[in-house]
Amino acid sequence: MPEFQPFLITHQPLDPAPLVAYAQAPTDGAVVTFTGVARNHVAGRPTASLSYEAYAEMAVPVLEQIAAEAAERWPIGRIAVHHRVGTLAIGETAVLVVVAAPHRQEAFQAAAYVMDRIKEIAPIWKQEHWADGAAEWRE
Amino acid sequence: MPEFQPFLITHQPLDPAPLVAYAQAPTDGAVVTFTGVARNHVAGRPTASLSYEAYAEMAVPVLEQIAAEAAERWPIGRIAVHHRVGTLAIGETAVLVVVAAPHRQEAFQAAAYVMDRIKEIAPIWKQEHWADGAAEWRE
Amino acid sequence: MITIQIRLFAAHRDIVGRPELTLAQPAGATLGEVWAHLVVEHPALARYTGRLLFAVNQQFADPTTVLHDGDEVAFIPPVSGGAAVL
Amino acid sequence: MITIQIRLFAAHRDIVGRPELTLAQPAGATLGEVWAHLVVEHPALARYTGRLLFAVNQQFADPTTVLHDGDEVAFIPPVSGGAAVL
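Protein chains in written order, with this note's numbering: chain P, 1 to 139; chain Y, 1001 to 1139; chain H, 2001 to 2086; chain V, 3001 to 3086.
There's no promise every hint is true.
Selected chain Y positions facing chain P (in silico; Cβ < 8 Å) [to be verified]:
(1) Pro1002
(2) Phe1004
(3) Gln1005
(4) Leu1008
(5) Gln1024
(6) Gly1029
A few chain Y positions that, by computed beta-carbon distances, are all more than 10 Å from chain P [said to hold, decoys possible]:
(7) Ser1051
(8) Glu1053
(9) Thr1087
(10) Phe1108
Calculated from the structure, these hints are not laboratory results.
These numbers come from a predicted model, not from an experiment.
The C-beta atom is built at its ideal place from N, Cα and C for all residues, glycine as well.
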């Protein structure tokens, strides 16, 4: 069985359980999990599916960098981030961010920060496949 | 199989998966899960275990009321809250709060609000069993 | 006279030694008066005065609430739900 | 002269029609100069000027960064990671 990777870009469906198990330490009373899910519409336009593409060799170090930034800002424990790539059906999970911390406020703040930064700098792109057959990169 | 209860006080171990499955709708791109975990120390004093007690007949309606408050404040989707009672070992989950929403900011804010309010008004009490054998209600 | 049922939890229950009490009170008695009565009988409860929440029939209420026959009264010590988290 | 490897993603790759390019450049060429060169060859890239991130060897870099032989260059169109969520 391969070692658990806290920062991962994968074609496989995402499951939060191993991330939570990894992040949670006996000193941490709070674990916040963010799940980003493929939606059935964007700005009112119906979507049929989404696909994600990553510059994986760079995305993983960027996720590690973002986690290090969060750990500098808040007294938190472990962080794990898994991002899916490939085609996702509506309702499938695109990203999981898990942050453990001794106290809940910091866990919430750090998890929100990590998601903000992923959307700012992580080299991961989303293409929306509209219900009418067209496709478009989200920029 | 009994119907899923979004607001529940239970002696059974908690599992976030059914709460996330319940909360997540196709219109909601964001799901935030808060997991409150029994820690191995409180203010530096080692704990051996924790026990929780609830006024269950009242706690469930209070959780529903808190969820309604959150839904008035933010444009969010479904909320689920499960709280465990009885004796918990260190590392076991005491509470799960799951909030789904179209956008992540509101999901984070509402989940943090729900936890704050649970700690303010939900009739649920925690007793710390110290490693030295003493026990104390947290107040 | 009215008869009320009192539910006791956590430290309150430890002090009183029972999870429930049945109490006869004069008609028109308020939640605050019942609490004061309990504190006289169990002085260790005094330190919760001003720090507790009140409920009647599983609804939050305040000390001036007038009780009725058959009401379920709860004196709710400071809560700490969800919290291994300070 | 130096030889660099260019990685292209998402809309950039669609415009250029390939995921990778190998490009010979004069010694001392900068990231910004290479981007300008690409835009000349693929004018549809022009709308990304000022909106993209640059990387060399999987590290963020800026347009003034001087390139070396064998560098892996990436022009990163606006990202949208994690996001069914606006």
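Verification of the supplied hints:
1. Pro1002: Because about 23 Å separates proline 1002 (chain Y) from the closest Cβ in chain P, which is outside the 8 Å limit, the hint is violated.
2. Phe1004: Violated. Min distance 17 Å.
3. Gln1005: Violated, about 21 Å.
4. Leu1008: Nearest chain P Cβ about 19 Å off; hint violated.
5. Gln1024: This interface hint holds because 6 Å falls under the 8 Å limit.
6. Gly1029: holds (4 Å)
7. Ser1051: Fine: 16 Å to the nearest Cβ keeps serine 1051 (chain Y) off the interface.
8. Glu1053: holds (18 Å)
9. Thr1087: holds (17 Å)
10. Phe1108: violated (5 Å)
In summary, the structure is inconsistent with hints 1, 2, 3, 4 and 10 from the numbered list given earlier, while agreeing with the others.
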